[in-house]
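Protein chains: 2
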Amino acid sequence: MKTISEALNLILAQADLIESETVSIHQAYNRILAEDIKADRDYPPFNRASMDGYALNISDWNEHGLRQFKVVEELHAGAVPTQKLGKGDCLKIMTGAAVPPEADAIIKVELSAHQGTTVSFEEIGDLKKWRNIALRGEDRKTGEILATKGQLCNAAIISVLAVIGKMEVKVAKLPKVSIISTGTEVLPPDKTVLPHQIRDSNSFALQNLLKKFNIGLEHKILVPDDKTLLREAILKGLQSDILILSGGVSMGDADFVPEVLNSQGVQTIFHKIQIKPGKPFWFGKKENGTVVFGLPGNPMSCQVGFRVFIEPYLNAKLGLPKPQSLYLPLMGTHQKRSKFTEYFPCKIINKNEKTFIKTHEYNGSGDIAAMIGSDGLAAHPAKSKKLNENTIIEFLPW
Amino acid sequence: MKTISEALNLILAQADLIESETVSIHQAYNRILAEDIKADRDYPPFNRASMDGYALNISDWNEHGLRQFKVVEELHAGAVPTQKLGKGDCLKIMTGAAVPPEADAIIKVELSAHQGTTVSFEEIGDLKKWRNIALRGEDRKTGEILATKGQLCNAAIISVLAVIGKMEVKVAKLPKVSIISTGTEVLPPDKTVLPHQIRDSNSFALQNLLKKFNIGLEHKILVPDDKTLLREAILKGLQSDILILSGGVSMGDADFVPEVLNSQGVQTIFHKIQIKPGKPFWFGKKENGTVVFGLPGNPMSCQVGFRVFIEPYLNAKLGLPKPQSLYLPLMGTHQKRSKFTEYFPCKIINKNEKTFIKTHEYNGSGDIAAMIGSDGLAAHPAKSKKLNENTIIEFLPW
Numbered sequence: 005m006k007t008i009s010e011a012l013n014l015i016l017a018q019a020d021l022i023e024s025e026t027v028s029i030h031q032a033y034n035r036i037l038a039e040d041i042k043a044d045r046d047y048p049p050f051n052r053a054s055m056d057g058y059a060l061n062i063s064d065w066n067e068h069g070l071r072q073f074k075v076v077e078e079l080h081a082g083a084v085p086t087q088k089l090g091k092g093d094c095l096k097i098m099t100g101a102a103v104p105p106e107a108d109a110i111i112k113v114e115l116s117a118h119q120g121t122t123v124s125f126e127e128i129g130d131l132k133k134w135r136n137i138a139l140r141g142e143d144r145k146t147g148e149i150l151a152t153k154g155q156l157c158n159a160a161i162i163s164v165l166a167v168i169g170k171m172e173v174k175v176a177k178l179p180k181v182s183i184i185s186t187g188t189e190v191l192p193p194d195k196t197v198l199p200h201q202i203r204d205s206n207s208f209a210l211q212n213l214l215k216k217f218n219i220g221l222e223h224k225i226l227v228p229d230d231k232t233l234l235r236e237a238i239l240k241g242l243q244s245d246i247l248i249l250s251g252g253v254s255m256g257d258a259d260f261v262p263e264v265l266n267s268q269g270v271q272t273i274f275h276k277i278q279i280k281p282g283k284p285f286w287f288g289k290k291e292n293g294t295v296v297f298g299l300p301g302n303p304m305s306c307q308v309g310f311r312v313f314i315e316p317y318l319n320a321k322l323g324l325p326k327p328q329s330l331y332l333p334l335m336g337t338h339q340k341r342s343k344f345t346e347y348f349p350c351k352i353i354n355k356n357e358k359t360f361i362k363t364h365e366y367n368g369s370g371d372i373a374a375m376i377g378s379d380g381l382a383a384h385p386a387k388s389k390k391l392n393e394n395t396i397i398e399f400l401p402w
Numbered sequence: 005m006k007t008i009s010e011a012l013n014l015i016l017a018q019a020d021l022i023e024s025e026t027v028s029i030h031q032a033y034n035r036i037l038a039e040d041i042k043a044d045r046d047y048p049p050f051n052r053a054s055m056d057g058y059a060l061n062i063s064d065w066n067e068h069g070l071r072q073f074k075v076v077e078e079l080h081a082g083a084v085p086t087q088k089l090g091k092g093d094c095l096k097i098m099t100g101a102a103v104p105p106e107a108d109a110i111i112k113v114e115l116s117a118h119q120g121t122t123v124s125f126e127e128i129g130d131l132k133k134w135r136n137i138a139l140r141g142e143d144r145k146t147g148e149i150l151a152t153k154g155q156l157c158n159a160a161i162i163s164v165l166a167v168i169g170k171m172e173v174k175v176a177k178l179p180k181v182s183i184i185s186t187g188t189e190v191l192p193p194d195k196t197v198l199p200h201q202i203r204d205s206n207s208f209a210l211q212n213l214l215k216k217f218n219i220g221l222e223h224k225i226l227v228p229d230d231k232t233l234l235r236e237a238i239l240k241g242l243q244s245d246i247l248i249l250s251g252g253v254s255m256g257d258a259d260f261v262p263e264v265l266n267s268q269g270v271q272t273i274f275h276k277i278q279i280k281p282g283k284p285f286w287f288g289k290k291e292n293g294t295v296v297f298g299l300p301g302n303p304m305s306c307q308v309g310f311r312v313f314i315e316p317y318l319n320a321k322l323g324l325p326k327p328q329s330l331y332l333p334l335m336g337t338h339q340k341r342s343k344f345t346e347y348f349p350c351k352i353i354n355k356n357e358k359t360f361i362k363t364h365e366y367n368g369s370g371d372i373a374a375m376i377g378s379d380g381l382a383a384h385p386a387k388s389k390k391l392n393e394n395t396i397i398e399f400l401p402w
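Chains as they are written, first to last, in this note's numbering: chain A, 5 to 402; chain B, 5 to 402.
Isolated chain A (complex conformation):
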């Protein structure tokens, strides 16, 4: 039986980086960059007025001692000056406008008195060059990398793609994923259930966990514990890059999943992990092909298995850094019965401007609603029986 880190390493070893595709800036949200994004020109692209005021040449002020200037023009953002500034000239300029080459300082409007075509200023001593001007290229130089391969295309990145006029961008392709829920007792949610039957929840949990990555499904199949039907379902599922099964991976007489997978050429990489919940986790791969995750059928085990093992796999496959944990103090205590590392749902709670994680109440790993209202999973390490108040522990946000 593998430890959690052994299992994770074996899983990540199969996460070859997926190829890329080009999408429009309008489709890029939440996709992962597969190319570095470079500045198309200097930013600011011109010497930019950072205040509303009067642009002038500092030699007029500092050397010639002028305090009264002729306003030759008014320059708004987006406009081009029609006049050259001569000695004693200035132009009224608005924030965001391109400062003409003859000007090298702006005196803000609040320090001026403007009458007709003349403006005079308060005495403010010598002017520093580039006062109230953001210099061309002072933020970013042409060719400078603004965002890197492997970053998630969020609003900040997409807004920069727009700034640099990049209407199409290379992103990681989305892997093809199929889901198979197994169990003779499991019916589709739109069917009437008899007292000994339950409705399928795992495929819905998994399908919606995948939406975080923008991944849709190739096939979603619900199959009873029947070898022939399971074989058919698996054959379909193996057409995808990733196949996720739930149920049928324990040691019961009807747990056919590993056997049928093997019979279809999927080799077992490992079976079982020292984790609670979710011990009967199965992982394998078809030669040159599909990676297969077999999750336990218990809803909580299934969701924990996804968060702890499949999510890091997807991050690696798509080129993202590994999912970020938080290390936060525990509010209250937590008791553990098994000898394994235990994951339990928690909420983030702020108290007196400090952030804690707090155990989220639920009734054991069979509780259908165990995860509702939780912000993520906390890890109770294998070695400690009890976590005391304020112990800093690892928290995996959803």
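In short, the hints are calculated from the structure, not lab data.
All values derive from a computational prediction rather than experimental measurement.
Incorrect hints may have been included.
It does not matter which identical chain is meant; a pair holds if it fits inside one copy or across any two.
Mimicking BS3-like on lysine-lysine, the simulated pairs with C-alpha atoms at most 25 Å apart in a straight line are [claimed, not checked]:
1. Lys112 x Lys240
2. Lys112 x Lys343
3. Lys340 x Lys133
4. Lys216 x Lys326
5. Lys132 x Lys343
6. Lys355 x Lys112
7. Lys180 x Lys289
Based on the hints, put chain B in the right spot on chain A.
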């Protein structure tokens, strides 16, 4: 000029809860529940085997001292027993199967020796009633609330909708939102720019920030600093529930936004907030109608304004609790020049299993790429000039 909390209160006072609509379970991801979700039956719905083993009546074991039983049947999950258990009978049962009414304990398979139709067990002392059985209703009772109005439909909630057979769910409607970017210097990103022009980024930032809420746009308009064109754009935008403008809200000669809004019947609720960046924030409302946010045109101010003011507004409007901050220690220090509360982009960093926030490097609020690579915004409170290493500060994740 309003303080941040005065401004936020004035904004939240306009956030009437939006009405609801019914969507399919397949469309519910990331929407906000507008009804409480109740258990359709007990969970587990039947006494459920939680181990593979043999189900028997404990009186046979405890009172009659039997240690050898006749296996009358094998019961898989999803199957119904065909035999009644008599004295000395047991049935082989699989995890997840419904335990028949005559049985009240399961002995796990590992403690058994099964030959033909007979199974004998190791001596394990008296059996406790309901050993290895999850009792009907022990997790949740019929009618119990599993998820509440105002929760985000994530994978956990949608999986429970499936379990209870709820194929349709009431969620908060999505408000109609329009965006207007203003500025004569601003061109659409697919156009060639001259040296004194820039491409529109704010509408892309805002449009993609709204995607967090699943909100698409009614209108997205780019308009120069021209009163007539701005009036036309605003008239269109006012057909939405929410209108967000960027630019044109400062005090410059071309900052027409407040004036034109007022002329179209939008009343100023406030203008300017004691915040950096983003001071020239404008907020107003048309009588019985559209709520209008006027954000500064500077890209960083625009994104900060959205995160600090518009996001809490949307949460309230949709019935969500307010966005959750984290309070984390600062790695490094942070110096502040203005007298206002200052928001600056930060990254979450783990060091020696402790979580910190760290200032994200950028070149000032005009830097187009300032937010890229940041995980959120940290708040430098107005009253302190310098934040020392390890000061706990408020962090607003993206």
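In rising order, the numbers of the hints this structure does not comply with: The structure conflicts with hints 1, 6, although it agrees with all the remaining ones.
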